[in-house]
Amino acid sequence: MEHNNSITKKDMDRVRNFFNRENILKQLKAMVSFLIPNRSNVELNLNIGGGSFTDGESITVGLPEMFIQSPLEEIFIVLQALTGHESQHINSSDFKAYILYQKEVENLFVKKNKDLNEDILRNYVNKIAVAFGNGVEDGRIEKILGNKYPGYVGYLKFLNLSVWKKSEIKGDSELKDLLTTIVTFAVTGLEPRGFEEVYTGSELEKNYIQIKPMIIEGINAVNARLCLSLCKKMIASIESYLMKLLEERTSADEKFLETLPTQPGYTTSSERDFNTGGSTSIHLKPETKPEQVSNKEGCDSNPRKESDGESGKEAAEGGTDTTSKKKKSSSADKEGESSLQSGSSKEQSEMDSKPGQVSKDDKPLEDEPKQNDEELVAQAIDNIFKELEEDIKTKLGDDSRKLLKSKKGKANEDSQLDKDEISQIESRYRKDVANKFHEKRGFPLGIGLHENIRRGGRKFRKEVEAIFRNKESYTLRGQKRGVLDPSHLYKVGTKDYNVFVKRGIPITADYVAYLLWDGSGSMNSDDKQMHSGYAMSVAEEGLKGIIPFKAAQFSVDAKSYVTHYVVKDFNQTKMSDNYTYNFLHHRCACGGNKDGFSIRIATAELMKRPEKDRILFIFSDGIPSDYKGGYKQGMLDVREAVKEARDKGIFVISLLFGTQSFRNDNIENYKYMYSKNIISCEPSQITNQLIRSLKKVISH
Numbered sequence: 010m011e012h013n014n015s016i017t018k019k020d021m022d023r024v025r026n027f028f029n030r031e032n033i034l035k036q037l038k039a040m041v042s043f044l045i046p047n048r049s050n051v052e053l054n055l056n057i058g059g060g061s062f063t064d065g066e067s068i069t070v071g072l073p074e075m076f077i078q079s080p081l082e083e084i085f086i087v088l089q090a091l092t093g094h095e096s097q098h099i100n101s102s103d104f105k106a107y108i109l110y111q112k113e114v115e116n117l118f119v120k121k122n123k124d125l126n127e128d129i130l131r132n133y134v135n136k137i138a139v140a141f142g143n144g145v146e147d148g149r150i151e152k153i154l155g156n157k158y159p160g161y162v163g164y165l166k167f168l169n170l171s172v173w174k175k176s177e178i179k180g181d182s183e184l185k186d187l188l189t190t191i192v193t194f195a196v197t198g199l200e201p202r203g204f205e206e207v208y209t210g211s212e213l214e215k216n217y218i219q220i221k222p223m224i225i226e227g228i229n230a231v232n233a234r235l236c237l238s239l240c241k242k243m244i245a246s247i248e249s250y251l252m253k254l255l256e257e258r259t260s261a262d263e264k265f266l267e268t269l270p271t272q273p274g275y276t277t278s279s280e281r282d283f284n285t286g287g288s289t290s291i292h293l294k295p296e297t298k299p300e301q302v303s304n305k306e307g308c309d310s311n312p313r314k315e316s317d318g319e320s321g322k323e324a325a326e327g328g329t330d331t332t333s334k335k336k337k338s339s340s341a342d343k344e345g346e347s348s349l350q351s352g353s354s355k356e357q358s359e360m361d362s363k364p365g366q367v368s369k370d371d372k373p374l375e376d377e378p379k380q381n382d383e384e385l386v387a388q389a390i391d392n393i394f395k396e397l398e399e400d401i402k403t404k405l406g407d408d409s410r411k412l413l414k415s416k417k418g419k420a421n422e423d424s425q426l427d428k429d430e431i432s433q434i435e436s437r438y439r440k441d442v443a444n445k446f447h448e449k450r451g452f453p454l455g456i457g458l459h460e461n462i463r464r465g466g467r468k469f470r471k472e473v474e475a476i477f478r479n480k481e482s483y484t485l486r487g488q489k490r491g492v493l494d495p496s497h498l499y500k501v502g503t504k505d506y507n508v509f510v511k512r513g514i515p516i517t518a519d520y521v522a523y524l525l526w527d528g529s530g531s532m533n534s535d536d537k538q539m540h541s542g543y544a545m546s547v548a549e550e551g552l553k554g555i556i557p558f559k560a561a562q563f564s565v566d567a568k569s570y571v572t573h574y575v576v577k578d579f580n581q582t583k584m585s586d587n588y589t590y591n592f593l594h595h596r597c598a599c600g601g602n603k604d605g606f607s608i609r610i611a612t613a614e615l616m617k618r619p620e621k622d623r624i625l626f627i628f629s630d631g632i633p634s635d636y637k638g639g640y641k642q643g644m645l646d647v648r649e650a651v652k653e654a655r656d657k658g659i660f661v662i663s664l665l666f667g668t669q670s671f672r673n674d675n676i677e678n679y680k681y682m683y684s685k686n687i688i689s690c691e692p693s694q695i696t697n698q699l700i701r702s703l704k705k706v707i708s709h
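Positions 10 to 709 (my numbering) are the ones given, in order, by the sequence shown.
Read the hints as simulated data drawn from the structure, not as lab findings.
One should not assume that every hint holds.
Within a straight-line C-alpha distance of at most 30 Å, the following computed DSBU-like cross-link-like pairs (lysine-lysine) qualify [to be verified]: (1) 685 x 468; (2) 440 x 553; (3) 568 x 583; (4) 583 x 621.
All figures in this text were calculated on a predicted structure; none of them were measured in a lab.
Use the sequences and the hints to build the structure in full.
As structure tokens, then:
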């Protein structure tokens, strides 16, 4: 999903060639005809970059720059979402009402601030009004579209959540961050990335909380006029704050204001589809009803009644305002539980005396941490893509499928880092000790597998296969929701709107894993090398041939090289050999460790894989040691490396193992380095915890 490189001519040509495919434009035009059945002559234009807009006679869809380097499947989803969005503006927005709304907001501010330069004030307030109106109206029309055609919800969510994931508030322009927060909440139900870190307890947060209930009312408003009336009330309710931002505006604010439009991205007034109060939401989290919202002190607010048919009727007949008491709301509660939990040293299992066996007890551990918004978004994007993927590939045709197959065929060769890629990582450490990387491959095989490990591996393998069998479904056509089925669009003429298809999901895995295993000298104590090796041996037996994974043991050797000993590569799937178990008899743990360096190597290799779901397990028994700045520098380096991996969509899990006293002494350090998804356990519990973690990840 992420792209960090500069956009090149090659990137632009790739997208341009994609746009020029006859079947791409043809399918998007068919969607426009389907979504706007009362107009047969609406033109559709595709641009690389730039905004999306409509005048009612034509629709221009601009692919946002952040998606130019995305896979073609994702680009096609984004194009369909934007096409649906602009089509719904034609069906549900009212430009004439918008112009009236802008003038009313301008006049409100000019009347109250006669001592200020009127031209400057009108220009400022005009852009504020457009930003509020655009954001809330976008949420409203997308909700109408999603309730009319539930199959479109996935496309809209994929677009909005992908933008959320690729963007982050920095705090450089408070005005920009306020307006970004409003539009983000209107279309996703979330605050932007970085909001909590930058604005918790701030004046911005206080004012945002004040208008938050009205944003929910706005996206549920029956028509455009009522939605804009609520936007006017929002602006009026935080007038003093907006004026303060004007008076104290910074150069960053000025630069941002210059980029804001002076009118919405549509000039059509043919409103015909209204918000009928459907239950389908485009938000990631449930919409908080206005009467359920309370202020931060926990006191109940005096709520405004929800927009209903009567209030909508008033607005449609010319009413622009209704009275209500001011309301405050608390930030949306974080919800959803993590797929992993911390292990408990008190937990007993068969593993205590028989390393290599899997515990029968697979109940969730206590105190499972709740997911934060980043985890929820990443999981939602992945789930949506999986739901849409087969249909998208079908629409894109054989070329896309052949390309994907070719990509996977070369994956094992291409995932190995070249000299330039290694040098790029080494350059980060050029002023530090242990700043060079070396990979060692090859060791003798032939040692038979211990029966306990074989038994545990068989059991785990059956569980993995069962998980994928449970995910299998069959293709269903003529549905009320799902993805648009072009072969059934003819039914619209007979007023049959069951034109969606739900694609069956085959038993195939799109996961790849990397097991990064501490091989430093401290692993020799308390049988940690043996227990962790047994755990990885069981995992290998269970996953081999189903999910590609690489295992590497890392340490710093006598020449101060960060060395990865390749235990098993992605393409090594020979069922007769267990690479990990043989490696246990080949190398004795020794040397130091530079965890951050090794994590970056593993991350780079995972990012070269074609699989969508990437998992990185880090087995470690201590704090990184081989840094010029000591443990403090090492911990900071790990923290940054882990964040970089997660920002790229990799699911990072850390296994902390050792004696109870050791783990008690180090758990806070691990929280600092890894933040979340930390499994803490006795060495004898590693197998149990690893298997449980893997099962939870692939179950989603």
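Right, here's what the structure says about each hint:
Between residue 685 and residue 468 the alpha-carbon distance is near 28 Å, which keeps this suggested pair within the 30 Å criterion. For the hint pairing residue 440 with residue 553, the CA-to-CA distance comes to about 40 Å; that exceeds 30 Å, so the pair is violated. With a C-alpha separation of about 33 Å, the suggested pair residue 568 and residue 583 falls outside the 30 Å cut-off, and the hint is violated. For the hint pairing residue 583 with residue 621, the CA-to-CA distance comes to about 24 Å; that is within 30 Å, so the pair holds.
When held up to the earlier numbered hints, the structure conflicts with 2 and 3 and fits the remainder.
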